[in-house]
Structure formats: structure tokens, C-alpha cells
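Protein chains: 2
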Amino acid sequence: MQKQILLKNRPEGTPTHNDFEVVNVPIAKSEAGEVLIKTVYISVDPYLRGRMNDAKSYIPPFQLNEVLTSGVVGQVVESKSSFFEKGDLVLGALGWQEYSIANEKSVRKIDHTIAPASTYLSVLGMTGLTAYFGLLDIGKPKADETVVVSGAAGAVGSIVGQIAKIKGAYVVGIAGSDEKVKFLLDELGFDEAINYKTQNVKEALKEACPKGIDVYFENVGGEISDAIFPLLNNFARIPVCGAISSYNNEQVDVGPRVQGYLIKTSSLMQGFTIGNYSSRYSEGAKDLATWLQEGKLKYEETITEGFDQTIDAFLALFEGANIGKSLVKVSNIEK
Amino acid sequence: MQKQILLKNRPEGTPTHNDFEVVNVPIAKSEAGEVLIKTVYISVDPYLRGRMNDAKSYIPPFQLNEVLTSGVVGQVVESKSSFFEKGDLVLGALGWQEYSIANEKSVRKIDHTIAPASTYLSVLGMTGLTAYFGLLDIGKPKADETVVVSGAAGAVGSIVGQIAKIKGAYVVGIAGSDEKVKFLLDELGFDEAINYKTQNVKEALKEACPKGIDVYFENVGGEISDAIFPLLNNFARIPVCGAISSYNNEQVDVGPRVQGYLIKTSSLMQGFTIGNYSSRYSEGAKDLATWLQEGKLKYEETITEGFDQTIDAFLALFEGANIGKSLVKVSNIEK
Chain U
88 MQKQILLKNR
98 PEGTPTHNDF
108 EVVNVPIAKS
118 EAGEVLIKTV
128 YISVDPYLRG
138 RMNDAKSYIP
148 PFQLNEVLTS
158 GVVGQVVESK
168 SSFFEKGDLV
178 LGALGWQEYS
188 IANEKSVRKI
198 DHTIAPASTY
208 LSVLGMTGLT
218 AYFGLLDIGK
228 PKADETVVVS
238 GAAGAVGSIV
248 GQIAKIKGAY
258 VVGIAGSDEK
268 VKFLLDELGF
278 DEAINYKTQN
288 VKEALKEACP
298 KGIDVYFENV
308 GGEISDAIFP
318 LLNNFARIPV
328 CGAISSYNNE
338 QVDVGPRVQG
348 YLIKTSSLMQ
358 GFTIGNYSSR
368 YSEGAKDLAT
378 WLQEGKLKYE
388 ETITEGFDQT
398 IDAFLALFEG
408 ANIGKSLVKV
418 SNIEK
Chain W
88 MQKQILLKNR
98 PEGTPTHNDF
108 EVVNVPIAKS
118 EAGEVLIKTV
128 YISVDPYLRG
138 RMNDAKSYIP
148 PFQLNEVLTS
158 GVVGQVVESK
168 SSFFEKGDLV
178 LGALGWQEYS
188 IANEKSVRKI
198 DHTIAPASTY
208 LSVLGMTGLT
218 AYFGLLDIGK
228 PKADETVVVS
238 GAAGAVGSIV
248 GQIAKIKGAY
258 VVGIAGSDEK
268 VKFLLDELGF
278 DEAINYKTQN
288 VKEALKEACP
298 KGIDVYFENV
308 GGEISDAIFP
318 LLNNFARIPV
328 CGAISSYNNE
338 QVDVGPRVQG
348 YLIKTSSLMQ
358 GFTIGNYSSR
368 YSEGAKDLAT
378 WLQEGKLKYE
388 ETITEGFDQT
398 IDAFLALFEG
408 ANIGKSLVKV
418 SNIEK
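So the sequence lines, in the order shown, correspond to chains U and W. Using the working numbering, the first residue of the first sequence is number 88, and each one after it goes up by one. Using the working numbering, the first residue of the second sequence is number 88, and each one after it goes up by one.
Just so you know, these hints were derived from the structure itself, not from any lab. Some hints could be false.
One-sided and incomplete, this derived list gives chain U residues near chain W with beta-carbon spacing under 7 Å [claimed, not checked]:
1) 144
2) 145
3) 146
4) 147
5) 327
6) 339
7) 342
8) 344
9) 349
10) 351
11) 353
12) 354
13) 356
14) 357
Pairs of lysine to aspartate or glutamate residues, derived as EDC-like cross-links and limited to a Cα-Cα distance of at most 16 Å, are as follows [to be verified]:
15) U:269 with U:279
16) W:351 with U:141
17) U:385 with U:273
18) W:252 with W:231
19) W:116 with W:185
20) W:351 with U:340
What the simulated footprint calls covered on chain W by chain U, stretch by stretch (three residues with Cβ under 8 Å from a Cβ of chain U suffice, anywhere in the stretch; the number is not a length) [said to hold, decoys possible]:
21) 314-328
22) 356-364
Just so you know, these numbers come straight off a predicted model, no measurement behind them. In this text, a Cβ means the ideal position worked out from N, Cα and C, and glycines have one as well.
From just these sequences and the hints, can you work out the full model?
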């Protein structure tokens, strides 16, 4: 038997434990062309909140009473595929459960001798690629330009700011605690960092961005984002990656309309999801791995231990509890 | 002596006659390299409202107690330039006055035997070019895509819709009277048109756009624009040209934040002003002239007679009184 986590209710507002159900089910048997995978790491991500609503989006919503899924690193414990052997580490979009059956075509092997297995869900995975393509393909920061990133100590934001530094930009991060601000300045080398919970963001941004803002990497939406628009330089670029401040809203999310600001500055806002770049993943992965090896890119992971903590780890995202990528460690890798 | 119109006050909210002053001043003398120009047509445009505020934008604000300026077609009555002769028709950014002195480098000759002089301020001028580059460079409509344009019977909107039709798109216009709706459908060949003053825009858009919206050419902002976002298709494009609904706002213009919509659909919003395309004007002018000659492009002008009506013609823009380009005819062309 194994545990798995189902979506019991579509959350209204902020999700709670009541929206999920942990059930015990038998471990299925693998068939030809399939592997049985023991879950090692589960990725918990803010975007999953959107999939819990019954709304049209870029990915279909989760179904009620079905197992939740996200990025998972696991280890093959039984293989009926010629592509995999027992002990192989694999990456895939798998269930929030202790064991998964996967078709051989739906997972790919990873090499944890090059980089720790967890990084395939963080800096070298979708998170790193999201930062990479959003910033470089849409934001296009040039040397000495001012790049502001919100959710700066989070999974994507912490990588965005560092890539912007690699490209020679002046980088300002917005985050939600003094600990995170210190992390951005001392560990990641941001030029300036703002604690939006204790500082007046408008005033702090003006001071931190004396030359205006050329690129704003949007992770949060809401009032923090509103404070950006009056400071945009001409031809500014805004990759719109996330809007976590509104994910749990029950009312329409209302704020100053942006059209006037975009016209005055000929600025661009571009929403994106990492799937848009699937044909270019290897390009991004290569650069990220190189920067990691060269020590130019640091990564931080908030790892919660134990499958039973998965829901808590997910809920904590909306309290801004994590620094860097948030993962749940379900089991140890067996040699 | 001649009349000229000065900005007396920075308008608060909707401009009124009290914000302007008509004065009588002597006609200046031209010096070497200059021409004296008799004003024939004055262009009145919504964007001029923004220049009446004392705010940073893509063009400097008008100064108090100085003459207002906009696009003007005039006729040379005295030339101290080897480039111009008496009788030449010229185009330039000139004052709201009956006569102007201009440096020979600040105006250019136009040929009104090819197209009526007024068209150099409308379909063949900045207005037509704004529609052309905004739609084609940012909107990039493909055949059979759905293009929605607001302010559709206005100067820019009426050209946008027709260019979209030329490119094979399905075109929906939003305008503010039944007369305008009829004009869009019967004269300009739009596929659908909505009267936002008498119809529920949300419902009407849903019905008019059964395949969703691929391109939204933004001229108005406000609630009309709010109704667009839930209908965007994946990878939709929104050239942001104007937001006339907010130009006279005294309060912050508030509405649903757009980030969530942009993320869900990977859509793009791009503000622009025609000056961004100055190196490509000839390309646009050539296409517009060709379409005009081929009868594929129609234009409408609302021409107000008499210099004394200039302020009224400007104020009428904010009541949506005009169909097509709004111009003031100040004098006749002399043969």
C-alpha cells in the first residue's frame, strides 16, 4: 500500500487541508513499456493553485478526487522497459504519491553525478528554464540596464536576478522578509533589495532605481507590481511569469490600469509559460549548467522532509515561507 | 494680425474653453532659410490632451501661455528658402494659428495632385501610419484570425480595421453610435460592429468573436478594454495605441489587473507611438497609398470649417463626435 494525495474540493480563496484528501491505495503493477518509480522529490509550485480551479488556462485543471501531479524526481524500482534499469533516477510530471507507474516515454533519465538530483526540479529544471527564457527572451536585459524582480528570493526570482547580473545589469529584488533581503544582497549579489512588508515599495523603488526600470520580471502582481509602472523607462520589457498575490483572490483583482503607462513609455508586457520554449530547453539547460559549474549561479532549496508534509509545503508557498525552490523529500536515493 | 490659440490652464479633467486663450498677434517676418505658411488644415488629435498635462511622457508637455501645436497642412505664401516656392503645399508640426513661420528643414512638401491635401494628415499621414505599424508590427494579424479594434470609427481605428481586412482577418469594431456601427459594416466592410453605448460589450463581444480574440488594437482603455481580456486566445497581441477613456480622468484609472490573463494565454501588450517607426515611414506610406489607389482603403474625415472652431473640434473628440479623422479647415488652397 502507498499514500497519495487527491484534490477533494476546489479551494475557495486560500487552500486549506480540507481541500485535499490523503488516501491509502495499493501500488499498481507495471506493464510492458512501463516502470515503477519510487518518489524521491516532489516539486511544489505556486502555479499549481491555478490548476485547482475549474477554469480554462494553458494547462487543464486538476480533476476532483484524482491525484495531484507536479514535477517529480524518482528512482526506478522495477522496469519493464528496455530504456530503464532498476536504480535509474528519472524526472517526470508524476503524482503526489509514494510510488508511480509511468510509461517509458513520459519520464527521462537524469544524472545525479553531474548535479544533485533535486536541481533537476530547481535550477536545472523547469524553474531555472522559466527564469532563463522569461528574462532573456522577453526581458532582454542589456549591460547597465536596471532589472527589477519581484518574488526575488523565490524559486524563479532568485535565478532571474542572478542571470541578470551575469548579463551585466543592475539588479533590484523585492522580497518579503529581512532574511530574504539579506540573502539577495549577501548570497546572490543583488545590487539592492527591498522588503515589501516593512518598506514603502514606491519610495524604496524610486530610491533603488535612480535610472528608472528597464526590465521588470513579474512574479507577484498586485500592489507591488502597481508600484513599478510609474518608474518604467522607454521601451521597458515586462515578462509576466506569475501573479501569486492574486492566486487565492475570491474577488476580481483590481488595480490601476496599465495602458497609459505602456503608451507613454512604449513598453511591452508579455505573458509566458515555460512550455512555450519546449523546443529550446537544451539551449537553456546548457547555459544554466555552465553557469552553475563556473560558480556564477547559486541556488537555494527549501526542502521539507516527508511525504506527509507535502500539503503543508504547498500551503507555505502562499505565506512566502520558502527561500529558493520548494521541494518535498519523500525518500532517500538508494545506491 | 492673426489669431492663435494658447494653452491658458492645464485642464483638470475634461478640457473646456476656459483652458485656452485666443489672442491676436502680428504675423512674424520670415528670415533666410524660412518660409511663411498660411494654415490650411489643422489636425486635432486625442493624444494632444496628454501634452496639456505637466507630466513626463514620450513628448514634452505644452507650456502654459504658448501656442498649441499639432500636424498642419499649409501653403507657402512667402519663401526665403531655395527649397520652397510661393504656393507650395507643406506638412509640418505647426502652431494653432492662421500663419506660421517655419524653418525649411521642419516642413516637407506634399503633392495634392496625387491625393487630397487633407489626407496627408489622415490616411496617408501620422494617423494612417499609426494604424499601419501598430497593427502590422505589433498585432501581426494572420488570415482568419479575429481582430478587434476599439474606437473603430475614429481616425486610427477605421484604418486599422480595413488593413486587418486586407490581411484576411475577421474584424470586429467597437464604436459609440448606431451611425458609426452602420458606417463600419456598410462602408468599411467590418465583419461585426458593436455599439458600446447601447449593447452589453461583454456579451456582444462573446457573440461577435466565437473563436476568441487574437489581436486587440487598443484605442480606448477602460471598461471596453476590460471586456477583451477574458476572450483572448493563446498568443494574442495587443498593440496599445491610446486610452482615450482615461485621458480626462482626475482619479487613478482602476480596473481588473491584466497579469493573470496575460499569463494564462501567453499574450503580449505593447505600447507604442508612431515616432518609434520614423525610420520606416516610407514603407508604410507606400502601402497605404497603394491600397488607397486600389480602392481597398477608404477614409473618412470630419472637417470642421473655420479657425474659430478649432477648440470646439478638439473638445468634440472626447464626446466621440467625429467619424474618421478630425480636421479643422482654416483656409482654402490658392491656385
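Residue hint residue 357 of chain U, partner chain W, criterion CB-CB below 7 Å: Cβ of residue 357 of chain U sits 5 Å from chain W, so the hint holds.
Hey, residue 116 of chain W versus residue 185 of chain W, does the alpha-carbon distance stay inside 16 Å? Answer holds: residue 116 of chain W to residue 185 of chain W is near 14 Å, not above 16 Å.
Holds or violated: residue 385 of chain U and residue 273 of chain U, Cα atoms, limit 16 Å. holds, 12 Å
Between residue 269 of chain U and residue 279 of chain U, is the straight-line Cα distance small enough, at 16 Å or below? Distance of about 10 Å is within 16 Å: holds.
The hint names residue 339 of chain U as touching chain W; please verify it with the least Cβ-Cβ distance against 7 Å. OK, holds: residue 339 of chain U within 7 Å of chain W, min 5 Å.
Interface hint compliance - residue 342 of chain U to chain W, C-beta minimum distance less than 7 Å: holds, 5 Å
Would you check whether residue 344 of chain U satisfies its interface hint, that is, whether its CB is within less than 7 Å of any CB in chain W? holds, 5 Å
Would you check whether residue 146 of chain U satisfies its interface hint, that is, whether its CB is within less than 7 Å of any CB in chain W? Interface hint status for residue 146 of chain U: violated (10 Å vs cutoff 7 Å).
Report holds or violated for the interface hint on residue 351 of chain U, using the least CB-CB distance to chain W and a cut-off of 7 Å. holds, 5 Å
Between residue 351 of chain W and residue 141 of chain U, is the straight-line Cα distance small enough, at 16 Å or below? holds, 13 Å
Against chain W, run the beta carbon of residue 145 of chain U and see if the smallest gap drops under 7 Å. holds, 6 Å
Quick one, are residue 252 of chain W and residue 231 of chain W close enough, alpha carbons at most 16 Å? holds, 9 Å
Hint check: violations occur at hints 3 and 4; the rest are consistent with the structure.
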